[in-house]
Amino acid sequence: DVKVTQSSRYLVKRTGEKVFLECVQDMDHENMFWYRQDPGLGLRLIYFSYDVKMKEKGDIPEGYSVSREKKERFSLILESASTNQTSMYLCASSNIGRTTTDTQYFGPGTRLTVL
Amino acid sequence: GQNIDQPTEMTATEGAIVQINCTYQTSGFNGLFWYQQHAGEAPTFLSYNVLDGLEEKGRFSSFLSRSKGYSYLLLKELQMKDSASYLCAVPRGDSSYKLIFGSGTRLLVRP
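Note that the protein sequences, when read in sequence, are chains A and B. Heads up: the first sequence at position 24 corresponds to 101 in my numbering, and the numbers run straight through without jumps. Heads up: the second sequence at position 94 corresponds to 102 in my numbering, and the numbers run straight through without jumps.
Since the hints were made in silico from the structure, they are not lab data. Some hints could be false.
Quick list of in silico lysine-lysine cross-link-like pairs, BS3-like style, CA-CA up to 27 Å [said to hold, decoys possible]: (1) A:LYS80 to B:LYS89; (2) A:LYS95 to A:LYS132; (3) A:LYS147 to A:LYS95; (4) B:LYS65 to A:LYS80; (5) A:LYS130 to A:LYS95; (6) B:LYS89 to B:LYS65.
Sample of chain A residues at the chain B side, in silico, Cβ under 7 Å [claimed, not checked]: (7) ASN108; (8) GLY119; (9) LEU120; (10) PHE125; (11) THR180; (12) PHE183; (13) GLY184; (14) GLY186.
For every residue, glycine included, the Cβ atom is placed at its ideal position computed from N, Cα and C.
Starting from the given sequences, assemble the full structure and let the hints guide the process.
And the structure:
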């Protein structure tokens, strides 16, 4: 079974703090993703990584950065947390599909509150 | 552009059948995913359709019509534990690795 883990289920931070969210997958997947999920807005892609040290901006990258130094680990960084970054953050991973898109598997999520 | 539409909420009775619809517009089609997400938890994969027709997996079935840009998820013999959000997703036109998700349909199963 694919396992994607995230460093925290719940996190409370103050405005202006630097926040690190970590994600680890154990299936040797090439692709890793960070999403945020807000009521009525669905899942929105923040950043995507297709290989170690490789990354692409998603739909809402502003205020975020990422790091992928090892294949199994993908970190999301909030450089200076703001209240509008209060959200559920979901990490996912997938293999490179040979002919079609491969399934994304999600971690349990981190509910971040910025005060 | 690319867009996915799903109903926001549905209610059904335990033991009944419910159909959750999804319509999509995408440039280039590369399959459609359904995920289930219980409140406060991560989405879990339910099904993937790339060809037209119905695919059955136990109590859950998923249907796809590529010409109509339409899919549905059919849940039979509903159980209370089926109360969850159901997300429809399609790969983006610019990258088959990245998905666009619908906002999800929240299903409430009543006794």
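For this session: Grab the minimum C-beta distance from ASN108 of chain A to chain B and call the hint holds if it beats 7 Å, violated otherwise.
Result: holds (5 Å)
Exercise. At a threshold of 7 Å, is the proposed contact between PHE125 of chain A and chain B supported by beta-carbon distances?
Worked result: This interface hint holds because 6 Å falls under the 7 Å limit.
Exercise. Are the Cα positions of LYS147 of chain A and LYS95 of chain A separated by 27 Å at most?
Worked result: holds (21 Å)
Exercise. If you take the shortest Cβ to Cβ gap from GLY119 of chain A to chain B, is it below 7 Å?
Worked result: Holds. Min distance 4 Å.
Exercise. Straight-line Cα separation of LYS95 of chain A and LYS132 of chain A no greater than 27 Å?
Worked result: holds (20 Å)
Exercise. For the pair supplied as a hint, LYS89 of chain B and LYS65 of chain B, is the alpha-carbon distance within the 27 Å limit?
Worked result: holds (17 Å)
Exercise. Does the interface hint hold: is THR180 of chain A within less than 7 Å of chain B, judged Cβ to Cβ?
Worked result: holds (5 Å)
Problem set entry | Pair hint outcome, LYS80 of chain A versus LYS89 of chain B [Cα-Cα no greater than 27 Å] | Status holds; Cα separation ~22 Å.
Exercise. LYS65 of chain B and LYS80 of chain A: Cα distance at most 27 Å?
Worked result: holds (22 Å)
For this session: With a cut-off of 27 Å on the C-alpha distance, tell me whether LYS130 of chain A and LYS95 of chain A pass.
Result: holds (21 Å)
Exercise. Should the hint that GLY186 of chain A touches chain B count as held when the rule is a Cβ pair under 7 Å?
Worked result: Since the shortest Cβ distance to chain B is 5 Å, the answer is holds.
Problem set entry | chain B contact restraint for GLY184 of chain A - C-beta distance below 7 Å | Hint on GLY184 of chain A: holds, closest Cβ of chain B at ~6 Å, below 7 Å.
Checked against the numbered hints listed earlier, the structure breaks none of them; every hint is satisfied.
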